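Asks: Sequence:
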Amino acid sequence: IEKWSDRSLFPSGVEFFDRAELDNVSKRLREVKGTSVLIFEQTCAAEKRRRRKRGKAVDPAKRTIINPAVCEGCGDCGEKSNCVSILPLETEFGRKREIDQSNCNKDFSCVKGFCPSFVTVTGGGLKKRKPSAQAVDFNTLPDPVFKSDLSQPWNILITGIGGTGVVTIGALLGMAAHLENKGGSVLDQTGLAQKGGAVTTHIRIAKTPEDIHAVRIAAGEADLVLGCDMVVVNDYWALSKIRADRTRVVLNTYEAMPGTFTRDPDMQFPGSEIVAAVRLALEGRDPALIEATELATTLLGDSIATNLFMLGFAWQQGLVPVSLEALMRAIELNDAAIAMNKQAFAWGRLAAHDPAKVRAAAAAPPRASDVIALDDPHRMSRSLDETVARRVAFLTDYQDAAYAAQYKGLVDRVTEAEKARAHGLTGLAEAVARYAFKLMAYKDEYEVARLYTRGDFEQRLRETFDGDFKLRFHLAPPRLAKKDDKGHLVKREYGPWMFSAFRLLAKFKGLRGTALDVFGYSAERREERALIGEYRKAVEELVAGLTPANHALAVEIAQVPEHIRGYGHVKEAHLATARARWDALMAAWRKPQAARGAA
13 IEKWSDRSLF PSGVEFFDRA ELDNVSKRLR EVKGTSVLIF EQTCAAEKRR RRKRGKAVDP
73 AKRTIINPAV CEGCGDCGEK SNCVSILPLE TEFGRKREID QSNCNKDFSC VKGFCPSFVT
133 VTGGGLKKRK PSAQAVDFNT LPDPVFKSDL SQPWNILITG IGGTGVVTIG ALLGMAAHLE
193 NKGGSVLDQT GLAQKGGAVT THIRIAKTPE DIHAVRIAAG EADLVLGCDM VVVNDYWALS
253 KIRADRTRVV LNTYEAMPGT FTRDPDMQFP GSEIVAAVRL ALEGRDPALI EATELATTLL
313 GDSIATNLFM LGFAWQQGLV PVSLEALMRA IELNDAAIAM NKQAFAWGRL AAHDPAKVRA
373 AAAAPPRASD VIALDDPHRM SRSLDETVAR RVAFLTDYQD AAYAAQYKGL VDRVTEAEKA
433 RAHGLTGLAE AVARYAFKLM AYKDEYEVAR LYTRGDFEQR LRETFDGDFK LRFHLAPPRL
493 AKKDDKGHLV KREYGPWMFS AFRLLAKFKG LRGTALDVFG YSAERREERA LIGEYRKAVE
553 ELVAGLTPAN HALAVEIAQV PEHIRGYGHV KEAHLATARA RWDALMAAWR KPQAARGAA
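Residues are numbered in my numbering as their position in the sequence shown, beginning at 1, plus a constant of 12.
Any given hint could turn out to be false.
What the hints assert, rightly or not - Straight-line C-alpha distance at most 20 Å; calculated EDC-like pairs for lysine to aspartate or glutamate: (1) Lys-65 - Asp-112; (2) Lys-495 - Glu-33; (3) Lys-92 - Asp-119; (4) Lys-74 - Glu-110; (5) Lys-74 - Glu-470; (6) Lys-450 - Glu-102; (7) Lys-68 - Asp-119; (8) Lys-354 - Asp-366; (9) Lys-549 - Asp-409; (10) Lys-420 - Glu-398; (11) Lys-92 - Glu-110; (12) Lys-521 - Glu-459; (13) Lys-92 - Asp-276; (14) Lys-498 - Glu-536; (15) Lys-450 - Glu-552; (16) Lys-450 - Asp-397; (17) Lys-603 - Glu-568; (18) Lys-369 - Glu-306; (19) Lys-420 - Glu-104; (20) Lys-450 - Glu-584; (21) Lys-65 - Asp-347; (22) Lys-495 - Asp-35; (23) Lys-519 - Asp-409; (24) Lys-92 - Glu-584; (25) Lys-519 - Glu-552; (26) Lys-519 - Glu-505; (27) Lys-159 - Glu-43; (28) Lys-420 - Glu-552.
Derived from the structure by calculation, the hints contain no laboratory data.
Source: prediction; values computed, not measured.
Can you build the whole structure from these sequences, using the hints too?
Replies: Here you go:
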């Protein structure tokens, strides 16, 4: 709203609000009788990115990073921002969130999610990893044998996400065809997907322009489907272009969550189903699968290199009938990130010729944070014993050995009962191992402080950012934060001195739950401690009545804490939903007939 500093331009009675007030203003205006006008003005994300790239807008030296150890995976950041740059991060301790730094628009509305895991980094820049392998001489790559002599136009359908360079690939191929005096047509179908939505590009290459009579690829007439995004390939309209005896499909296996994930934090990506749908369209033939996003991002430091990597991969297989010289000249004429785009194309070529060599070059060396954070929290436990051992170690650091022993004793009782009474069935001990831990390791002020200062987050910062940068923490201390009109605490920024405060606070974890615990008297903390007792009591009831017939229901009950997530009012809302489910399942447990039906 600072753009409209001269309010005399507007009639009297016009009010001005920050965009954060949109919901409140909308609700107020719906009560106004007659006609009211609400103007929401904001530069679109794609346009803002474009201006920054061209130097016409300031690119703030500021980024956001999430501490995954503190994150609860509640999804409130997605609710607040509706941003597809917030990605799921699967860890040993559940699904968390991370920011796609290559795709982030620096809108920062995600920071408003009610969670202390968000930190903004000012100054410095993103660190770009160099390949671990020695320099590669791409000139030694063999020339491909093209699949077509262009006796008829060659049809390429590219599917991808707006803002990642799909349209650019089409433009490069169109220019390359032009430079070789071939016929070339490019049709982009972007709809409203300027950024983050589905984009498809139809490319037709022929010997002469006169050989092209239509720019749109008809059903069953694609020679190559270059699937830069799996979800867009899975659309019926895209699948309809495939003909089993004609089409080759190259598919990027990266699981880019669609916008639905911002509202559904438990959404599972249907990767295997998408590959199966493509295989069905190919009548049993497998598409060429390549983890292009992961490889390109690691090798070149930016996911924007993915689509050129994909193009190089397809070109080396003889599926793009234009010369290397013409493509390199088209990249130069495009005059944007020339060196990186050429490198991405070359790495894609090598991936088609020698994928093992590319994967070796992209292989990440061991990180210090993997050792500090419980031997890599991103590696899932392979057995119940490992699951329990890792959590015992965590709870010992969280509180003490006696507290961890309470946890292990509960899991051991369930393990013995399941073996004795469930006749070979498994799953209950695993569920209790995960969710008794989740409740016992509730993230109070002491724990948030410990998770920030145990070392892995600082290591993550050093691995992500270069240069001289400073941190700003976004917190809502219960005794200091103000409340909004809904009675919810409001976050505010705190400077880098919070690290020192965290280190001091973490030392007082021994006060947790005692009379001297000043934070323990809040309703949220009392509820968290009560939940531990309720869960133990429920587990003892499950153990006492466990049979093969009701085993499945017992597992379902033990998994209820999965849905108790977040902080403050967010956690309160999740708890209300989970408790209703919990009560219903326990009622079924206590009624044998209902229990048999549930099992």
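Asks: Against this structure, judge whether each hint is valid.
Replies: Each hint, compared with the structure:
| no. | hint | verdict |
| --- | --- | --- |
| 1 | Lys-65 - Asp-112 | 18 Å, holds |
| 2 | Lys-495 - Glu-33 | 15 Å, holds |
| 3 | Lys-92 - Asp-119 | 11 Å, holds |
| 4 | Lys-74 - Glu-110 | 16 Å, holds |
| 5 | Lys-74 - Glu-470 | 17 Å, holds |
| 6 | Lys-450 - Glu-102 | 15 Å, holds |
| 7 | Lys-68 - Asp-119 | 17 Å, holds |
| 8 | Lys-354 - Asp-366 | 18 Å, holds |
| 9 | Lys-549 - Asp-409 | 25 Å, violated |
| 10 | Lys-420 - Glu-398 | 12 Å, holds |
| 11 | Lys-92 - Glu-110 | 15 Å, holds |
| 12 | Lys-521 - Glu-459 | 7 Å, holds |
| 13 | Lys-92 - Asp-276 | 13 Å, holds |
| 14 | Lys-498 - Glu-536 | 17 Å, holds |
| 15 | Lys-450 - Glu-552 | 17 Å, holds |
| 16 | Lys-450 - Asp-397 | 17 Å, holds |
| 17 | Lys-603 - Glu-568 | 16 Å, holds |
| 18 | Lys-369 - Glu-306 | 15 Å, holds |
| 19 | Lys-420 - Glu-104 | 18 Å, holds |
| 20 | Lys-450 - Glu-584 | 16 Å, holds |
| 21 | Lys-65 - Asp-347 | 12 Å, holds |
| 22 | Lys-495 - Asp-35 | 17 Å, holds |
| 23 | Lys-519 - Asp-409 | 11 Å, holds |
| 24 | Lys-92 - Glu-584 | 17 Å, holds |
| 25 | Lys-519 - Glu-552 | 34 Å, violated |
| 26 | Lys-519 - Glu-505 | 23 Å, violated |
| 27 | Lys-159 - Glu-43 | 65 Å, violated |
| 28 | Lys-420 - Glu-552 | 14 Å, holds |
Of the numbered hints stated above, those contradicted by the structure are hints 9, 25, 26, 27, listed in ascending order.
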